[in-house]
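Chemist: Please arrange chain H on chain C, whose structure you already have, making use of the hints.
Residue strings, one per chain:
Number of protein chains: 2
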Amino acid sequence: MLHEVFNVGELCKKEAFKEHTPEGLDMILEAAASLSQDHLRPILVEMDTKPPYLENGRIKVHPKMRELMQGFGRDGWISMSAPHEFGGQQVPFTITEAVGFIMGAANYSTMVYPFLTTGAAHLIESFGTQKLKETYIPKMYAGEWQGTMALTEPGAGSSLTDVVSTATPTADGHYLIKGQKIFISCGDSDAVDNIVHLMLARIDGAPAGIKGISLFVVPRMRPDAKGELVFNDVNTAGVFHKMGYHGAPIAHLIMGEANDCRGYLIGEEHKGLSYMFQMMNEARIGVGCNAVSIASAAYYTSLEYANVRTQGRKITEKDPLKPQIPIIEHADVKRMLLFQKAVVEGSLSLVFESTIRYDLSKTSEGEEKEKNQLILELLTPMVKSYPAEMSILTTSTALQIFGGYGFTKEFLAELFFRETRIHTLHEGTTAIHGMDLLGRKVTMKGGMAVMMLMQEVMADIDRAQKFDALSLFASILGEKLLALQEITMHLVSVAQNEGPEAYLSDATLYLELFGILAVGWQWIKQGVKVEELKAAQTKKYSADFLQSKSYALQYFFEYEIPKTEGLIRRLKSDNRVTMQAGKETIL
Amino acid sequence: MLHEVFNVGELCKKEAFKEHTPEGLDMILEAAASLSQDHLRPILVEMDTKPPYLENGRIKVHPKMRELMQGFGRDGWISMSAPHEFGGQQVPFTITEAVGFIMGAANYSTMVYPFLTTGAAHLIESFGTQKLKETYIPKMYAGEWQGTMALTEPGAGSSLTDVVSTATPTADGHYLIKGQKIFISCGDSDAVDNIVHLMLARIDGAPAGIKGISLFVVPRMRPDAKGELVFNDVNTAGVFHKMGYHGAPIAHLIMGEANDCRGYLIGEEHKGLSYMFQMMNEARIGVGCNAVSIASAAYYTSLEYANVRTQGRKITEKDPLKPQIPIIEHADVKRMLLFQKAVVEGSLSLVFESTIRYDLSKTSEGEEKEKNQLILELLTPMVKSYPAEMSILTTSTALQIFGGYGFTKEFLAELFFRETRIHTLHEGTTAIHGMDLLGRKVTMKGGMAVMMLMQEVMADIDRAQKFDALSLFASILGEKLLALQEITMHLVSVAQNEGPEAYLSDATLYLELFGILAVGWQWIKQGVKVEELKAAQTKKYSADFLQSKSYALQYFFEYEIPKTEGLIRRLKSDNRVTMQAGKETIL
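Just so you know, the sequences run in chain order C and H. According to our numbering, the first sequence is numbered sequentially starting from 32. According to our numbering, the second sequence is numbered sequentially starting from 32.
Among the hints, a few may not be true.
In this list, chains with the same sequence are indistinguishable; a pair is considered to hold if it fits within one copy or across any two.
[Unchecked claim] Restricting the straight-line Cα-Cα distance to at most 20 Å, the calculated cross-link-like pairs of lysine to any residue (SDA-like) are:
no.	residue 1	residue 2
1	Lys614	Gln342
2	Lys45	Gly240
3	Lys95	Asn338
4	Lys345	Glu360
5	Lys45	Glu401
6	Lys440	His272
7	Lys81	Phe271
8	Lys162	Ala173
9	Lys497	Asp221
10	Lys257	Thr569
11	Lys565	Gln496
12	Lys49	Leu513
13	Lys164	Ile59
14	Lys571	Phe124
15	Lys594	Leu424
16	Lys81	Glu165
17	Lys353	Gly186
18	Lys302	Leu424
19	Lys345	Pro531
20	Lys44	Lys594
21	Lys345	Glu532
What the hints contain is simulated information worked out from the structure, not anything from laboratory work.
So that you can see chain C by itself, here it is in the shape it has in the complex (with noise of 0.2 Å):
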């Protein structure tokens, strides 16, 4: 997929990533996939069992997570990304989300601690001082120090426009923060020396709502004036029990009790949500990718089963004393596992589709820049919700080919189930990125963003018609298309006539039915290629490889395509039972 479908080696060419060569970022992934075989996968069941625990006050996590953070620290793992002047090895976006993706695959709840750490340190080198730079980078890069983003309050979750945590300026240049944050993924863990939060709160006298947030870097020990570390008033008030991914805690945190806890101002005043958009548009990539990588490991714990497994026999076969057989022989067998593969496969294509356009937008300029950055934009949703909403019923589905099996902890399906559900709720519920779409993305600039999207489907269309096998699908892809125009013309109709509560009221639909077509677009896309290989003749690829893309592909647009169907059905209507039903009369 990287290097055929997404050339990723062509990235090697920019500035930026000059000093990569394709067969080098090969290396990387092969580094990751070893360790995560070596070293994460081997305690996934472990942690899954031993949940992080509150003692005296601080949350004791895996023991093994000390010494992996230092690994992650000294071989480069936290900082492959940054730039060189950090100390990193600017490594494109694509082939760290890839690594996020192996490691994910093997035990999701390792791999937060570091991309969490990567992620809050790029906020400091985008936009901190120099002195915020040289106290808190090196020792994030190194695994020292954990870094988290902390927005979260009891009751500003959605609602970001509702932090109540605030900030007092002091003659000393730093704020006293006062507030409480929860949900903060790796808040408090002893598998490092310190926590570097990246907190929003309100300067006091800011305006209201989201104009008057700002940034602001809160460690939980402060370097004092001769360097050592001192406590920094923030304390861990709890930390939440959950369904899945054990490894990695999340906290409930109260800052500035003794009003003692200094904060450090990153940017400018009443700015802090648009620098941490930086972060959380990452992020939000990155859980796409993470869902992707937990059902893709259950798509093939369930394979191996499934062509282990013998149970019953060929319908058409009526002895009883025929041995049975294995199961991925049965017609609906081979469904569920087709399922997951359409889904899993596409999915991580719409990443990867994002990621590329990432680093595309990052070293690129011009027009090709802004178009690389609308697609991404408009995409972001899409590629966080989809995987996210999918993994659920994909790693239901593997669970499922294990039978009664599969409810039992025998197996890895059910950890797998519980561990992907928190990806529709972390980093914007579905609904907020159902909203962000079409109340935001899908208009911005005049619907720019959208054409140019379609600009590009419609080339890969055009490709497609060239091969018998995908000529169909490629016409179906573009009808739906077709559809897709009319159902968000309409919609428009619908803002101006009904207004926007009316407009946004399917937003969750809509998003679903822009997903499967972007999805739709990424199995068009690996199946241009498949053909050209098939063609080529090529001795890269087994026939039965290229093979299993084709009926993965067929099978999204036999199955997946035509549950837009309802989709566009329902988004015609002009029903509004969901506006109309007053909380009274829901009972």
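Modeler: Below, chain H alone, put in the same frame as chain C:
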């Protein structure tokens, strides 16, 4: 629903139920609700955090369970549906299932013990010898001895024909049993003094396949000549660690390791599976009912939260100083609530549709009996699978409403999400029911069951056409039923042209399609009653309650019925990708 839609009180006119009154039936439900609220729900979380464990070869369960089983026995819950001659109260099956619904919503684990015991005792009642009845039934109904279904073996799950446990006849009339059984619900526990397994095994020399399977009573402890209990060589090899409903164990059992496990034949040799189907058919309705009960508990917990949790403001409200609003006021949250309500109350209606037909088939004669029996058989795969599959989605939606909290153990949503996942697996996986529906039920007696069902549905559609509020939806259902018939005919031609494998390859989708329409029918039935009650200006129900039903009906037809379009599209396709893809091309 019970009184208005299904006229459950009418059953009291039947000879078998003549000692009951409609008010008396209500009192049973109220008693079940009190018991559930006071004794079952309070230990739900504790049971979840303290799963059963194996100690010295025995399974230990929650200490409260023994007391509960004694209460279930003492207060007549286990025997309520049993005939008077066995000390039962001859309560209609509909009421028994309604009690199961109430208890299951409170704490599913706790109701597994008594309901399994009832089913097992009922089987002995129906087919056992007088001696078996006298020996086992009183103890079981007293809650002192647990009943089980011991069907599954390591190599025989979906394929029951592959049961290999053996039974060797002895001169004393009993059989010596040898074999292993897995996933046996309540297969061992210290909540009772003895466990009575209704076990499938093959008598030496029996024919291969399902025609050689017999049914035995195999107690853990057998009464000796003096009536004292001696160990019957039924060993507990293990307890499975499950994802949910930790209060009820599933056991791995080994019978006859010391060659001293006695089994007592039920009915005739080799006819075991047909007897077992009595218990299985009841249990399948029970599974659907349990899935709805858990889904309904999840719905109410999310509804309660949505009414109290404030977050965000109306889309049109731009002032960040205005207070936040309860999330139930957001259209997307209402969508998530109405989705749950429409599916839960539609599914529950389908459960009662089935139980009423069960009661009518047992208490009527001639054509009436046959019609109810046939429709029940046709509905059984749907009433088992639709709630089971949909409860995965509805409990997931309940969890979603809690935002980040949903993923934590602060609230019950995640517990219900884990709990209900069993229901697509036990009592036949969804795939098995798809094949049962399309391969057996649709075609039995020349399609008689489908014809009889369609007549009833068409009559309800006609009734609905008279109401303005329903006529559109009634017409849609009518159109969809025609499409279903077309699809069925199309599939029959596939069977003729391509054989049975192709015919059944998408049976799971056919089951889904039929299930959605069956629940659409239930909403039309409920809708007719609601419109009648509205027209009658009754004071029995609040206007809000009646309107809540109307909104849920609208939701179902606006958001769920459209899903049939994609299913119909797929079922019409002649692409056979799930058959063509060989295991070497699923990678």
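Chemist: Look at each hint and say if it fits the structure.
Modeler: Hints, verified against the model:
1. In this homomeric assembly, Lys614 and Gln342 come within 20 Å of each other (Cα to Cα) only across copies, at 15 Å, whereas the closest approach inside a single copy is 49 Å.
2. Taking the shortest Cα distances, Lys45 and Gly240 never come within 20 Å of each other, neither inside one copy (40 Å) nor across copies (67 Å).
3. Taking CA atoms no more than 20 Å apart as the test, Lys95 paired with Asn338 passes in neither setting, with 34 Å inside one copy and 43 Å between copies.
4. In this assembly of identical chains, Lys345 and Glu360 lie within 20 Å of each other by CA distance solely inside one copy; the values are 8 Å within and 53 Å between copies.
5. Proximity of Lys45 to Glu401 under the C-alpha cut-off of 20 Å is restricted to the intra-copy arrangement: shortest distance 17 Å within a copy versus 76 Å between copies.
6. Taking the shortest alpha-carbon separations for Lys440 and His272, both the intra-copy value of 19 Å and the inter-copy value of 6 Å come in at or below 20 Å.
7. Proximity of Lys81 to Phe271 under the C-alpha cut-off of 20 Å is found in both arrangements, the shortest distances being 14 Å within a copy and 18 Å between copies.
8. Proximity of Lys162 to Ala173 under the C-alpha cut-off of 20 Å is restricted to the intra-copy arrangement: shortest distance 18 Å within a copy versus 76 Å between copies.
9. Taking CA atoms no more than 20 Å apart as the test, Lys497 paired with Asp221 passes in neither setting, with 58 Å inside one copy and 69 Å between copies.
10. In this assembly of identical chains, Lys257 and Thr569 lie within 20 Å of each other by CA distance neither inside one copy nor across copies; the values are 64 Å within and 80 Å between.
11. Taking the closest pair of Cα atoms, Lys565 and Gln496 come within 20 Å of each other only inside a single copy of the chain (16 Å); across copies the shortest separation is 57 Å, beyond that limit.
12. For the homomeric pair Lys49 and Leu513, neither the shortest alpha-carbon distance inside one copy (41 Å) nor that between copies (63 Å) is at most 20 Å.
13. Taking CA atoms no more than 20 Å apart as the test, Lys164 paired with Ile59 passes in neither setting, with 26 Å inside one copy and 70 Å between copies.
14. In the homo-oligomer, the alpha carbons of Lys571 and Phe124 never lie at most 20 Å apart, since the shortest distance is 26 Å inside one protomer and 64 Å across protomers.
15. Taking the shortest alpha-carbon separations for Lys594 and Leu424, both the intra-copy value of 14 Å and the inter-copy value of 16 Å come in at or below 20 Å.
16. For the identical chains of this complex, Lys81 and Glu165 are neighbours neither inside a copy (36 Å) nor across copies (49 Å), given an alpha-carbon limit of 20 Å.
17. Taking CA atoms no more than 20 Å apart as the test, Lys353 paired with Gly186 passes between copies only; the shortest distance there is 14 Å, against 63 Å inside one copy.
18. Neither within a single protomer nor between protomers do Lys302 and Leu424 lie at most 20 Å apart by alpha-carbon distance, with minima of 39 Å and 39 Å respectively.
19. In this assembly of identical chains, Lys345 and Pro531 lie within 20 Å of each other by CA distance solely across copies; the values are 10 Å between and 55 Å within a copy.
20. For a Cα distance limit of 20 Å, the shortest separation of Lys44 from Lys594 qualifies neither inside one copy, at 41 Å, nor across copies, at 47 Å.
21. Proximity of Lys345 to Glu532 under the C-alpha cut-off of 20 Å is restricted to the inter-copy arrangement: shortest distance 8 Å between copies versus 53 Å within a copy.
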